[in-house]
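Number of protein chains: 2
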Amino acid sequence: MDKEKQLIEYILHASIDEILENIDELHPLDFLEALQDYDGNPFDLLQKLPDEYIAMVIDESEIDEKYNLLSIFSQNQKQEIISYMSSDELADMLGTIDEDKQQNILDAMEEEHREEMRELLSFNPETAGGIMATEFISVKEYMTIDDTLIFLRAISPNAETPYYIYVLDDSDVLKGIVPIRAILTSHPDVVLKDVMIEHIATIPVNMDQEEVSNIFQKYGYMAMPVVNEEHIMLGIITVDDIMEVLSDEHTEDMYRLAGLDEEEEIDGSVADSIRSRLPWLLVNLLTAVLASATVSLFDATIAKVVSLAVFMPLVTGMGGNAGTQTMTLMIRGIALGEISYENKKDILKKEFLVGVIHGAALGSVVALLGGLWEGSWIFGLVIGVAMFLNMVVAALSGFFVPNILKKINIDPALASGVLVTTMTDVLGFFFFLGFATILLNYLI
Amino acid sequence: MDKEKQLIEYILHASIDEILENIDELHPLDFLEALQDYDGNPFDLLQKLPDEYIAMVIDESEIDEKYNLLSIFSQNQKQEIISYMSSDELADMLGTIDEDKQQNILDAMEEEHREEMRELLSFNPETAGGIMATEFISVKEYMTIDDTLIFLRAISPNAETPYYIYVLDDSDVLKGIVPIRAILTSHPDVVLKDVMIEHIATIPVNMDQEEVSNIFQKYGYMAMPVVNEEHIMLGIITVDDIMEVLSDEHTEDMYRLAGLDEEEEIDGSVADSIRSRLPWLLVNLLTAVLASATVSLFDATIAKVVSLAVFMPLVTGMGGNAGTQTMTLMIRGIALGEISYENKKDILKKEFLVGVIHGAALGSVVALLGGLWEGSWIFGLVIGVAMFLNMVVAALSGFFVPNILKKINIDPALASGVLVTTMTDVLGFFFFLGFATILLNYLI
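Residue numbers (the numbering used here), protein chains in the order written: chain G, 32 to 475; chain W, 32 to 475.
Take every hint as true, because none was put in to throw you off.
No farther apart than 30 angstroms at their CA atoms in a straight line, the calculated lysine-lysine pairs in the DSSO-like style are these:
hint: 1; chain 1: G; residue 1: 132; chain 2: W; residue 2: 249
hint: 2; chain 1: W; residue 1: 375; chain 2: G; residue 2: 34
hint: 3; chain 1: W; residue 1: 36; chain 2: G; residue 2: 438
hint: 4; chain 1: G; residue 1: 206; chain 2: W; residue 2: 34
hint: 5; chain 1: G; residue 1: 249; chain 2: W; residue 2: 249
hint: 6; chain 1: W; residue 1: 249; chain 2: G; residue 2: 34
hint: 7; chain 1: W; residue 1: 206; chain 2: G; residue 2: 36
hint: 8; chain 1: W; residue 1: 206; chain 2: G; residue 2: 79
hint: 9; chain 1: G; residue 1: 249; chain 2: G; residue 2: 375
hint: 10; chain 1: G; residue 1: 79; chain 2: W; residue 2: 224
hint: 11; chain 1: W; residue 1: 34; chain 2: G; residue 2: 376
hint: 12; chain 1: W; residue 1: 438; chain 2: G; residue 2: 36
To be clear, the hints were calculated from the coordinates, so they are not data collected in a lab.
Keep in mind the model is a prediction, meaning the values are calculated, not measured.
Isolated chain G, as found in the complex (with noise of 0.2 angstroms):
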């Protein structure tokens, strides 16, 4: 915090000279931190700033702020901090403002920027033509490495770190790449066809953004070149944009599971919070009374043998618990991809295996318990072997539901929970009901 306050101290009170000699010291997300907590007009300090470091400003703060701070400028400062903007950012925030301040936007950009930024907009978010940026150095085959250094030096690429160059030929088609690496350490008259990397993996423009990030992960590429059918280079994807992806999968993930919407914010308002939930309750009220369909089945069993009404909860509870962690266990696989044709039939016998051993173990734990409650060993016969089916059925469904889904293209994460514990529910109330009423006579 008093960082925070020092900071906008020193750039209202120091002169613009000064500041810019030190700009490139100070992040950009760490004045946008100290702009956020700022009373005054945001203009005071930002107008001390130059037009390019503005533009990391805005690249940096989150999607529904940038109109907000971009409109603080005159129409032609307006297009110059645009220019310096990052493609992919500019993209973001233009796909989600309304029509005419979109138009407002485009206005603003020179005619080849803006054709650029229409592209950017065709393409759906969640691919890699929604994240991937437009910025990216591109040479010719027959340049030198002291030719390189001379061009780099001449267009001075924005800030952004180039990790790689781009060999295009005269149709925009990628022919290989130059990693800085070999620039660095070639000597200056070798030509860049015999540095350059031929044989490279690109990205296809409409991938899925989760697959690439797997892409990234598994190589551990810093940046990657985005292609159409043609093999034209449209743009690079780099590693920071893999890590946002990444958190986002994380909390969709999780938040799936949980049966919130991806798109529920913790800081959200009660309408929108309501939104994203109630509609995943109202599913489970429907599950919910299958089980009660289930138990009512039973009522007159119940009626004379009122334990087990008490011992109800453990049996169903237990088997949910066992479900889900084999249904965790199956959804995480499939999203690493660590899940094959081969392993599947191993994972399969481990699983049933697993839910025989527990069922044996805590079956023996809840007739013992049943068996000395209600006085009676049927009754804990009942218990303990209700109990045993249902932790193998625990580990079939958690087995089965999610790579079902996975088959039919449903994420295993938004559907699984509900249909393993729906499962476990009703089976095991059925087992459980079931047996004491055919045991009925032994246990009254």
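Given the structure of chain G, go ahead and fit chain W onto it with the hints provided.
Just chain W now, with coordinates in the frame of chain G:
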């Protein structure tokens, strides 16, 4: 698959010179995957490759595969290969093998390298020291850009792209960093002191890896320097290390929420699975017994109104679901640092209101269901009010449990679930059966 077979055929039959010329085009991970599918002696393939490339292949392999690959080679060649391996991968491997194997590897190292490795091994593997690599390029502030380029060509840094170059003083204290961009775009006569960034973010060597990954995600850095208390530079952490940390933390969160040990592997043994899961199921059994004990307080009531048993799963099931929603939102918010002292109150207020509204909505639905089922509006009232109160309990426990666990330094993902569902189960039964007991005269 076919591509991998082709690759194997090519390497088996091509000349070493030919392979050397094309090796840049082959990602070590792709070679590793082909190697894993090759039925013959791996040495047939590996002997054709340069030691530096073999080191990259071993760097890419799984931690428990590295030693086996290394042990294919003679002690002399092993020494060569090890000298090219990444220090962080080497340390990870050494940390997991037997002491005599460890000694065998350490013996194959040069004195200086061995000391460095001993130091790396001394750090906790889940801290910055445990994930950093010791390979980085250090320069002096009086060097010019041209000096630097000559220096880089001379040392020819290994394949891991250098993102930054580090300026150290004579005691190895970190003075600043020079981005590659500055080297590529500055005039050759410029002195590093004039382009280096002095106020840079550094990572203390004992910082927890989760905190490190939060910093990377926030600022989007490609690499960060790790320093000790005297600001002496010890190593670097690169963003690809962080991607692994993120994936591990994601798995850990999901596993802990489900009651799985984070070490459990999807294709592990039955014994390991039971060791991972049974303790958790036993903890849950204890809490389920609490729920059953609550029910048993009211068995006389249930004996008179059996429909209570039918509706029991509704009240507690819905409470558990709603509690899990709020709890998941809080756990993820805590992990992402979205919950602050300032917004905590607002979030609590919102969650409370959401609970009240969900309670009113679902309470009305089940009141109607219960009233129709039992043909008694008093019965409907009992279950409706119990549902209402349990939704409020769900919201409050979903909010407070993770926050309190966080405060007493227990990972909220680890224990929130069992605590929240215990509260909604026990209190749900208590409200429902308690009211029924009070109003018993109107129910029979």
